[in-house]
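> We have chain A; now place chains B, C and D onto it with these hints.
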Amino acid sequence: MEMKELRGSRGVLAAVALLIIFIGVTVAFVQLNGNVARGISPEYNRLAHLQQPNSLSAWVYDWRGFDTLIETGVIYVGAVVSVLVIGRGLVRMKQVEGEEPVPQTSLDLKIGSVNAILKYFIFPLVILLAAYGILIVTGAATSGGGGFQCGVVVASAYLIGAVFFGKKNPLNFRRKFLIAIGSFGWALYALLGLPGYLVTGYWQYNVGTDLWSSIAGFPAQIPSILHTIFGDPYRLALVLKGGTFYSTAGIVPLINIGEAFNVIGAICLIFLVFIYGWSDTEEAKA
Amino acid sequence: MIELTLQFLSFMASALLILIGIAGMLFLDNLIKKIIAFTLLSDGVNLALVSLGYFEGGVVAILTPGTSVAEFPQNAVLIFGPGIVLTNIVIGVSTTAVLVALTMVLYKRYGTLKASKVLKGERK
Amino acid sequence: MVMLFPMMGGEITPIVVGFAIGFLFGTQVYSNVSRRTVVMIICLCIVGASLFQAPVFTWSLIGGYITDGLSFAAPFISATIGILLGWAVRGGK
Amino acid sequence: MSAVATNLWTIPLFVIIPIITAILLNLLYNKSRTIKVIAIASSIVLFVLALISPYGFQWFTGQPGVTPGGTYTFDASIFSYRLSLEYYFGGLQQILITIMSLLLVFVVFLSASSLRKNIGPYIALIFLLFMSSAIIIMVNDFYHLWIGVEMGSLLLAGVVAASGESISQKAALKYTFFSALSGAGMAIALAMILGVTGYSNITNAIQYIMSDNLSSLSGVLYIAFGFFVLSWIYAGGLAPIHPLKSDVYGSAFPHATVMLQTQSKLMIVAMGLIILRLFGTLPFAREVMLSVSVLTMIMGVTMALIQTDLRWTLAYLVVAHSGLVTLGISLGTVQGITGGLFQAVNDIVYMSVLLICCEAVMYFGKGTSIKTVGGIAKRAPWLALAVVIGAFAASGVPPFNGFQSEIILIQASLSSGLPEVAAIVLMVSVTTFIALFKPIYNIFLKPDNSPIAMEGDAGAGIATMAMVQPTSPVPKSIYLFLAILIAIIIVLGVYPQLALGFVQDTAIKVVYFPWVP
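Residue numbers (the numbering used here), protein chains in the order written: chain A, 1 to 286; chain B, 1 to 124; chain C, 1 to 93; chain D, 1 to 517.
The shape of chain A in the complex, shown without the other chains (with noise of 0.2 Å):
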């Protein structure tokens, strides 16, 4: 136990501080215990029949997407910022002699202890666990999932993978790859706002689903084609007790995709930097 900094006068301030917050947040949740307020989340639920049964993704990617995408961009940050502090892109003045940064070396994983009947059974792990996370990101509009969670599977995959193979990694994303699909996801993200910015003036609006033209004080109709290509590709039968509805999630799915380029390329490229560290020459000769 490391509790040197306790003992000083620091210390007790410190800890009668902490001792405030913890009374104020338990007070503060007793009181809230049984009284929360509903506010306007009902709402959200209201349309779900008409545009996808997962009312929690229809929440995140369409009636706060755009939330959604600055939260995407965090992750990106995350990744850009982790990536430099190890390396990739630090910047030295011209004029002025800095400090050197300290050079990254790779971590000496130790494959040999690896049972062999283990590793015989991870190749196919990691191929499923694959092809599981993209299974997660295709059906997020009908059931609990989404790109994130997506993300997250394939890059525990490649961690797999990487743990029992070190360098002959199965799953072996190069650097360039990596960052070119997080990019990519991201940007696909941000720009698949663009239609319905360019017909209504609203970003992000979901032109394949189109819940609000008919309402009094939209701006635009949506034109046909943009409901066949947005739209349509994604249209489902939902019988529920009222009716059937053929509802579509309309540019959800393909957020989804994006969100799930841009948390595998975050992720994976934030493990395989902490593993392998970053060196310039690599990436050039790549």
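Hint data in this document are derived by calculation from the structure and do not stem from the laboratory. Using N, Cα and C, we set each Cβ at its ideal position, and we do this for glycine too. Any given hint could be a false lead.
[Stated by the list, open to error] Computed beta-carbon distance windows for the label pairs:
(1) Arg-10/A <-> Thr-308/D: 20 to 30 Å
(2) Gly-69/C <-> Lys-241/A: 14 to 24 Å
(3) Pro-54/D <-> Gly-242/A: 39 to 49 Å
(4) Leu-18/A <-> Tyr-107/B: 21 to 31 Å
(5) Val-16/C <-> Gly-98/A: 46 to 56 Å
(6) Pro-399/D <-> Tyr-107/B: 47 to 57 Å
(7) Ile-32/B <-> Lys-176/A: 23 to 33 Å
(8) Lys-176/A <-> Tyr-107/B: 26 to 36 Å
(9) Pro-68/D <-> Leu-4/B: 31 to 41 Å
[What the hints assert, rightly or not] Below, computed lysine-lysine pairings styled on DSS-like, alpha-carbon distance capped at 30 Å:
(10) Lys-31/D <-> Lys-176/A
(11) Lys-93/C <-> Lys-167/A
(12) Lys-36/D <-> Lys-176/A
(13) Lys-117/D <-> Lys-36/D
(14) Lys-33/B <-> Lys-167/A
(15) Lys-371/D <-> Lys-94/A
(16) Lys-176/A <-> Lys-117/D
(17) Lys-167/A <-> Lys-108/B
(18) Lys-119/A <-> Lys-93/C
(19) Lys-31/D <-> Lys-94/A
(20) Lys-108/B <-> Lys-94/A
[As the list claims (entries may be wrong)] Negatives, chain A to chain B, calculated, CB over 12 Å:
(21) Glu-97
(22) Asn-115
(23) Val-163
(24) Lys-176
(25) Ala-180
(26) Leu-188
(27) Gly-201
(28) Leu-211
(29) Ser-213
(30) Pro-223
(31) Ser-224
(32) Ile-229
(33) Ser-279
Same frame as chain A, now just chains B, C and D:
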């Protein structure tokens, strides 16, 4: 008298996790342990957000065959809790990655993980 | 509830998309395993697909729905095949 | 100018153009020439957009508002619960984003020409920094504000640590630890407000709090306020944690600090206004904010006095002057808020002048410490003039812009019955001048008699030649940027109405109609 409902218990658990997380971040000296404490804190916040959406008799916010269209909006659990948890997870992952990267670099420079040694002020 | 709806786009598109993404990742696969392993992967994949079941609101045979309690996650199978094909075409040994 | 447009075309572009530019630059990585062209073109486009944009809302994803009667509406003036994410672009947003995008042009140009090696990711981060700041100032939604702040803190860590030096890595690590803590705190605050009101839209939340009797839930509001103030403190680097933020400012490249301080001021303004709008009715809310500001000012200037490096002096002064901005906002009167917002605008400009001068001093190759550099006025007289004007503006000397906003702040604190605070504002101006005088005298006016220069005189003949024929290595473009910024300083100093017209509207709305964004 406070009733020990599921929501109340999970709120208390999250308060405890938040306490442990903040205490760990303030008092532990090891940088990696600090980062672990941060993930605990972030999990506590996630738990609070999830339990915010819970209410007695709520159903998952996903339509399944045969669900009643008219009753679904009122029956489904509050949707912003899980939605914000997704964001918090993403933010937690990114922040942790940046923290670990900085810690790795500083460890390679100084050969120690002790915050008191690594972060000692040495400004000229 | 056996009901065969006219086939909807939402049941086919995931299969195609799964195959395409799988192919893309397959081009990055690097391994030199035997043909037996590949057969094993395909068998495991079909077992897994039956465990995952077809996506909700899938009613057609192509989507993997056979009857209540017996259905296959078709995107999973197509993604696995995509990965294997991508590996065969562009991947490394 | 139709203020009720809910699909204003410029708002998404402020976010999407930086995103696409950043992605491109990150991919280009080391192709410096292409990077420079794309980055400068894109930042000029952003500047023009900010200049010409009309005012209005953008309801992202085009979801309408729900009226209490259950019908849907696309009219922003009708009372409705917003289903979509709402951004607002008005006068305050226009002036702040215009200045920020002008600075972005300069910063991009400076970083592209003064840095070597692979500049792609670094400039990409600067663009994203612009984006996150624009989000924070325009957004009318807690949830999104939180995402913006979190993203900003990660970007800040990246921009600071990009030099690869241990001091900046340490500053980034410390700041990221605190950002992790306060980000979690902000998430708790978000959870509390969502739990109490059920709305993440700030307008709706305020209306709910005002209309409903929340006396049984007041503890929740207090805790939310506490955590919100914590993250406000962290975002602006205010009093208890000011060393963290000034470490960040001091160890980043000066041109990056231009962007970082702009971001921080925008965060202070946006979050401060939101706290005031939402929690202004709570007792003690303004007093807490006011004491934080006063503490920040005093701590900042005192620390600035004892620095021996221009970079670090500026780092502490930026923090101290953030205190002036927050002071105005926390007074909570129309005059005070006007003064605070105007101070934010002025502060961004004159601090940028000083920081760009600091960057120019680095071109002489000896750093910015008063122990190593000297006699720069002889080699670059215009630079010396610029830094002196910047110092005058910062210390509130007429006819420069700092004077105009500080006089408003002093009047506002006097009319709120707080003469002590007015005295502290005066003290900050005077101390700023003293703190800046020492480095300016040593670096610019005193003859160069540093040990390195002596050594150069004795050892190599080339160095002596350079001393004999003083030439400035500072590129012409820096003088152009300084001239533009100084022109803004003087224009705002002589005609403060130019800027006041933009910010007054917001101040009135915050005080009398807090629910209107």
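> None of the hints should be skipped; say for each whether it holds.
Evaluation of the provided hints:
1. Arg-10/A <-> Thr-308/D: 20 to 30 Å: For Thr-308/D against Arg-10/A, whose Cβ atoms are near 27 Å apart, the range 20 to 30 Å holds.
2. Gly-69/C <-> Lys-241/A: 14 to 24 Å: Holds - the Cβ-Cβ distance for Gly-69/C and Lys-241/A, about 21 Å, lies within 14 to 24 Å.
3. Pro-54/D <-> Gly-242/A: 39 to 49 Å: holds (44 Å)
4. Leu-18/A <-> Tyr-107/B: 21 to 31 Å: holds (28 Å)
5. Val-16/C <-> Gly-98/A: 46 to 56 Å: Since Val-16/C and Gly-98/A have Cβ atoms about 52 Å apart, the given range 46 to 56 Å holds.
6. Pro-399/D <-> Tyr-107/B: 47 to 57 Å: Because 53 Å falls inside the window, the suggested range holds.
7. Ile-32/B <-> Lys-176/A: 23 to 33 Å: holds (31 Å)
8. Lys-176/A <-> Tyr-107/B: 26 to 36 Å: With a Cβ separation near 28 Å, Lys-176/A and Tyr-107/B satisfy 26 to 36 Å, so the hint holds.
9. Pro-68/D <-> Leu-4/B: 31 to 41 Å: holds (36 Å)
10. Lys-31/D <-> Lys-176/A: holds (15 Å)
11. Lys-93/C <-> Lys-167/A: Holds, because 13 Å separates the two Cα atoms, which is no more than 30 Å.
12. Lys-36/D <-> Lys-176/A: It holds: about 22 Å lies between the C-alpha atoms, which stays within 30 Å.
13. Lys-117/D <-> Lys-36/D: holds (13 Å)
14. Lys-33/B <-> Lys-167/A: holds (29 Å)
15. Lys-371/D <-> Lys-94/A: Measuring from Cα to Cα gives roughly 21 Å; hence the hint holds.
16. Lys-176/A <-> Lys-117/D: holds (18 Å)
17. Lys-167/A <-> Lys-108/B: Measuring from Cα to Cα gives roughly 22 Å; hence the hint holds.
18. Lys-119/A <-> Lys-93/C: holds (17 Å)
19. Lys-31/D <-> Lys-94/A: Roughly 17 Å separates the two Cα atoms, so the pair holds.
20. Lys-108/B <-> Lys-94/A: With Cα atoms ~25 Å apart, Lys-108/B and Lys-94/A stay inside 30 Å; holds.
21. Glu-97: Correct as stated: the minimum Cβ-Cβ distance to chain B is 15 Å, above 12 Å.
22. Asn-115: Non-interface label on Asn-115/A holds, nearest chain B Cβ at 29 Å vs cutoff 12 Å.
23. Val-163: Since the minimum Cβ distance to chain B is about 17 Å, Val-163/A lies beyond 12 Å and the statement holds.
24. Lys-176: holds (20 Å)
25. Ala-180: holds (20 Å)
26. Leu-188: Holds, since 17 Å exceeds 12 Å.
27. Gly-201: Non-interface label stands for Gly-201/A: nearest chain B Cβ at 25 Å, farther than 12 Å.
28. Leu-211: Since the minimum Cβ distance to chain B is about 15 Å, Leu-211/A lies beyond 12 Å and the statement holds.
29. Ser-213: Answer for Ser-213/A: holds, closest chain B Cβ roughly 22 Å.
30. Pro-223: holds (29 Å)
31. Ser-224: It holds; Ser-224/A is separated from chain B by about 26 Å at its closest Cβ, greater than 12 Å.
32. Ile-229: holds (25 Å)
33. Ser-279: Non-interface label on Ser-279/A holds, nearest chain B Cβ at 14 Å vs cutoff 12 Å.
Figure legend: structure checked against the earlier numbered hints; every hint is met.
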